[in-house]
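For chain D, the structure is supplied; the task is to place chains C, Z, H and W on it using the hints.
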Amino acid sequence: RYRVTEVSSLSPAFVVMNFDQEGNVTSFEKKKTELCQELRLQARDLRFQHSTSLIARNNCIILRMESLKAIVTPQSLLVLDFRGLGLERWLVLELAPQLASQSHSLPFEFRALEVILQHKINTLQAQLNDVEPVMLDTLESLLDPKSLSADRSKLHVLLQNSKSLSELETDIKVFKDTLLKILDEEEIIEELCLTKWTDPRVFEESSLGIDHAEEMELLLDNYYMQAEELGNKTRELKGLIDDSESVIFINLDSHRNVMMRLSLQLSMGSFSLSLFGLIGVAFGMNLESSFEEDPRIFWLVTGFMFLGSGMIWRRLLSFLGRHLEPSVPPLIPQVWKRNLKASDYKTGVR
Amino acid sequence: RYRVTEVSSLSPAFVVMNFDQEGNVTSFEKKKTELCQELRLQARDLRFQHSTSLIARNNCIILRMESLKAIVTPQSLLVLDFRGLGLERWLVLELAPQLASQSHSLPFEFRALEVILQHKINTLQAQLNDVEPVMLDTLESLLDPKSLSADRSKLHVLLQNSKSLSELETDIKVFKDTLLKILDEEEIIEELCLTKWTDPRVFEESSLGIDHAEEMELLLDNYYMQAEELGNKTRELKGLIDDSESVIFINLDSHRNVMMRLSLQLSMGSFSLSLFGLIGVAFGMNLESSFEEDPRIFWLVTGFMFLGSGMIWRRLLSFLGRHLEPSVPPLIPQVWKRNLKASDYKTGVR
Amino acid sequence: RYRVTEVSSLSPAFVVMNFDQEGNVTSFEKKKTELCQELRLQARDLRFQHSTSLIARNNCIILRMESLKAIVTPQSLLVLDFRGLGLERWLVLELAPQLASQSHSLPFEFRALEVILQHKINTLQAQLNDVEPVMLDTLESLLDPKSLSADRSKLHVLLQNSKSLSELETDIKVFKDTLLKILDEEEIIEELCLTKWTDPRVFEESSLGIDHAEEMELLLDNYYMQAEELGNKTRELKGLIDDSESVIFINLDSHRNVMMRLSLQLSMGSFSLSLFGLIGVAFGMNLESSFEEDPRIFWLVTGFMFLGSGMIWRRLLSFLGRHLEPSVPPLIPQVWKRNLKASDYKTGVR
Amino acid sequence: RYRVTEVSSLSPAFVVMNFDQEGNVTSFEKKKTELCQELRLQARDLRFQHSTSLIARNNCIILRMESLKAIVTPQSLLVLDFRGLGLERWLVLELAPQLASQSHSLPFEFRALEVILQHKINTLQAQLNDVEPVMLDTLESLLDPKSLSADRSKLHVLLQNSKSLSELETDIKVFKDTLLKILDEEEIIEELCLTKWTDPRVFEESSLGIDHAEEMELLLDNYYMQAEELGNKTRELKGLIDDSESVIFINLDSHRNVMMRLSLQLSMGSFSLSLFGLIGVAFGMNLESSFEEDPRIFWLVTGFMFLGSGMIWRRLLSFLGRHLEPSVPPLIPQVWKRNLKASDYKTGVR
Amino acid sequence: RYRVTEVSSLSPAFVVMNFDQEGNVTSFEKKKTELCQELRLQARDLRFQHSTSLIARNNCIILRMESLKAIVTPQSLLVLDFRGLGLERWLVLELAPQLASQSHSLPFEFRALEVILQHKINTLQAQLNDVEPVMLDTLESLLDPKSLSADRSKLHVLLQNSKSLSELETDIKVFKDTLLKILDEEEIIEELCLTKWTDPRVFEESSLGIDHAEEMELLLDNYYMQAEELGNKTRELKGLIDDSESVIFINLDSHRNVMMRLSLQLSMGSFSLSLFGLIGVAFGMNLESSFEEDPRIFWLVTGFMFLGSGMIWRRLLSFLGRHLEPSVPPLIPQVWKRNLKASDYKTGVR
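Protein chains in written order, with this note's numbering: chain D, 27 to 376; chain C, 27 to 376; chain Z, 27 to 376; chain H, 27 to 376; chain W, 27 to 376.
Next up, chain D with everything else stripped away, as it sits in the complex (with noise of 0.2 Å):
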């Protein structure tokens, strides 16, 4: 026995706030193995080790969503060590009112698991809301076709809001993993209805048809189907990313074929200048040509500098555009369009 308090006396405390049923809120600081003992739970029930759970123990619901760690009794709701979290304002602004006020005919742990995964699914709905605009605007910006290159800043933006959206997708499945767990058994949401096995009177309604457990499945499966949604969008939205940098790859490909077009086309037109200046500098040796002494013959050489010149760029152009163009092109069409026709036989499907 002395023991006992010793230990007790070394255990970590919780900062607790408490509501019930009529509003009121209180706040103290209790120790885990009084809490314990005051709730019969046991010490392990209160480890809080994953990020995300939601059991039931001895008539109390015990869940943790990320921070908000909370215990929930048929007349009260502990939410523990809520400090520096940010979350004063929402405890006191609305999960207050919300629980009191509330003209629910279902009794306090379902308006306390209501509010709470209300709560978890705005947070959640919060952040994809934080990354989405952000997202589209980057990817908007990245996809501007008269960019050459694609903005480095914009890319990092990019990848964070990547990152973000992976970090989600993985809360939003623990969360249905969570809920879905507890969908998969019965006997787990009999448990849950904690009103039912406390309360006579619930027990025998229960029996009549007026079911709590039903339900507690209905109000979890509303919010399994709303964390649903949250992943079909951030899933929507991770293969948008995917195409899009498709897109990007492609139009910066495409950049580069048009001024890899234009370069070889100035090269040519080098080339021809070239072969033609060999000309002049040929007659521009210290040699002896004959033709020295004849006026036209300066300018013939030039006009034939000039006009070679031209002429082999031109010829090396339309080169250029015959060389690019393949030969195939009447076959193709026809092939793709019978892959159109064979996607009608849905019409017949009725």
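If you're looking for bench data, these hints aren't it; they were derived computationally from the structure.
You can trust all of the hints, since none of them are fake.
The list makes no distinction among identical chains, and a pair is therefore deemed to hold if it is satisfied within one copy or across any two copies.
The calculated EDC-like cross-link candidates involving lysine to aspartate or glutamate, where the alpha carbons are at most 20 Å apart (straight line), are: (1) 189 / 170; (2) 95 / 255; (3) 189 / 158; (4) 189 / 268.
Only chains C, Z, H and W this time, still in chain D's reference frame:
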């Protein structure tokens, strides 16, 4: 009591279009609370939180298919908030006659469900039909082997369509999941057969083998499979986009390689000209070379310059040809052939 | 009564080919309503809405495999709307003898199902056989290391085949899903054993261990596994396309790098020539350099120009060689070796 | 009898470290056959064929976690072949005290399992902690927008880490599968509760609600979820590598495009100089142009050459600017905006 | 009766190798029909249609593992059509002794199954061992950072190995599916325990806890897990190929960028030389510049040309350096750091 009416006067109202079994259509406005009281539903049942849902509550089927919200009772179909959705035409010209005239041997709720699910499938199919030809056209023009670079506006159309396909895929998945959830639980199928529980004659028949639940399963399964076919088609289209993008990349890369070889060949020509041009430059110097006076030297050197450039160019070109052609051809086809033979074991499967 | 006949006179008619147990083949036209009455089916059962279906209704098996629609009764096989599908040859020359001659100990519906499912598998196999060799040939020629650029018409063939493979994959998946749905429900398998329910002698035997349902499961499972093997083959081919595309990309990139190095080497040569050519240009100026009269100077400068260019070029080339060769080789193989050893732990598995 | 001893004298021996409930540690060598006889196990049970296994046999838990092989009995934990694995420190300094001191209310086998599973999780976590910072650093330096080319040694580190992540992913998957297999079968969980079957007092309690099997399920589920979280983290890291690689590619491509435009602009300059240089070359020919004597002509032609090159260059540059900028900008943002609006429907979800 | 013998005389024959419990091996030829009669099997049971199958029929186990076809009876193992498969060595030197000498306490069918399944696993492992080192070598040489371009013959080897891995993956999957199908149905496992149903003594023991079915499940599960490990290894290798290909691409792209920068730097040099060379060309014109006679002018202009080119080149190079280096570095590391911290939350998991 006073309170309830007060609340109800503030409660939101639905604009309802009512279709009865004889094809009569009436339209009226009704407060949500009144509607609930009339159909003995709970307010929560008419929240329509999810974009797609189909549930049975207290002998009513409550469903939402994106914008279309409806309640099916054994006697009538109520379409809620139908205005501004572009559904009026369909409601009046198609839904009403189909509900009334159908020489269906099955009760009203079957007809109502069939009409609404068919409408959903038709909407999905219409969306696919909108996207598919545009996408195939876009892909075809992007795949055009003549084009050196990808048309940037086409790329945007492609991205748009790819996004639409992803959204359509999600819609189909959500629709399929909604139906699958019902098909997996016999109990819900039973609940959807409204007439079976209200008409004692039908209930008796049911036990004699003409089972409504089985018919309901067939009906839902039919639309599930239609959605599955749409999903398959969508998946194939997305696969086609991916494959086409690869081919576009290979196309652009090929063009680039061809241009690069041309460019390299020109560089070789320019180099040859520069090299032999240097001789001309040398003789152009104001330095005495002692050849100045011999007129044959001019032609000799000029000829050497031009012929020399030509010969060096030719050697460089043939060097390039050899350089790009590896020396391992005899090995490779042989190895590949072995694979071809390995794939023949299929014939032994019979 | 009057009404029914009137409707039936308007109702669509099937062109039916009837195969009985003795191998007799008759062909006639029959209205859908009459056929339904005869077989005691409902009109809905003969709608053939899905491209692949296999169901048992009122002691008939109704099936559709793409274009082939058939009804199996305990005594005969009816093939509906067989014209214009290119099936006539198969129906007369293969199906009829197989149905009649088979020394099968099992009743007629087994023979009929076997023949039709085998036909489906053969069709799928034929489609795969069409695509596979063309695709392997196309890939082989695209992978040809000699080719600097991908042949655009080959790329189109590849895309075509890839599309065909996707469609084939969907077909196989739909076929497998249809069989799996039946294999998962013992009840449906029982229904497919038509003779068991019509022939009391067989029914008795069934309870003595010679169970038709088990035989039916084996039959369906056999075709399921054949479809699975086709699906595996198709998946492998799609994987081969993906892998080959990567290799094509690496090939094209390699070619480009090789050409780029050649181009860079030539640029270095041209630069050297330009640099030393500038000396020649300088001496070519009409400015007095005081060297004009010394004939040795001509050879000196000319020699300097050519030798200088050559030397500078050589230095640039060796600089390029060093520049492209990083200085970290000792580190890398070692790290990789550690991986090789790590993969040795397999030997401990025994 | 003689034979058995002979065989046993040849049979392999284990070096065993024995931990009892009081924290006493003894170490000894024992032949495999003797150990089997003692614990009444079969030789086959101690083959440890798979890298990860956890089974219950004859009131012993036999487990292997990669290199750690152990047998848990209701009274002691035997660690087999512990030498040369670097585990000695952990065995003596951590495992022994944890087994002895724990003020756990649950029997010994729970403590033993918890210590070993926690060790496995810690090992996996340590491997992840090894890889993660190195990988993030490597990615960060590879993503450095300043770098024109990827550092080849960093790429090797990345590949190494990617390989390690894959192996870690497999390890986590195998660990999770091992636990899941047990969690899926209640029977095996029961068998793992050794004390329940040996201590009649515990067995009685079990039927009074303090169920060991439930505690065992909680314990295993806890480690399953920890492994799941590690798996999620690993998957996110692999996704980050993929996303980063795409960004690296876009970065490299962008750099190339920028360089290509610069190169193209220089080519335009060179071309302009060549073109107007040709005039100079023409006047440099030893041909009579009749302008030789007029000093103004020199300046006129020289000025024309320089100004002309400059002007042509400028026109080419502005042409390039226009050429790379497409003329469809007004259309595209509009279409994209529609998508943005389409994504607003989320607000209607609630 | 007459007919049957006639058919049997035409029926195909098997070359059979028979292994009995004592290790005696006999080899003979037997007609399929006779074999069926002897073992009381149906002809259909010996069709061996699928590449991998393992079924129990009428107290025989009939199995096929690719080329190996075998029948296990309670007394003997029959290997069919063993010739020409390269199995003779294994059959005589390994299978026979293993079947006979094993001091196994379990009946013959266990030994036979174990030997054959182990042979299958060994074959798969051998295939993996063939592919793995070649592939790692090929990847290592392709990843060699010194190589500017990928060796085309190595790429073919890589593609080959990738194809082999895909086929191996399919083989492993088919083998696993075959075992899983049995492990999922207790009934089939029971049928595989041949001796249990033929030997009444064993049957009795079975009910006393020494259960053959449980042993059979362990045996099959063991080989399932070995196949799973092989599958994991194969998947890792395929992932390694994908990762390596990305690194190869980045390597090639990096090389290209480095070469492009060198090329651009050379272009800048050439441009500078061209620009200042134009001055030389101008002075080389046969036009009077009035500087002709001053010897200092020659050195001035020549010096100006060389120094000017050098200076312009230097400025261009420093411009290039600045141009490729973006001005956003302070922002980016900071953002990334936040991510590093975000990943620290893991520490809170405990």
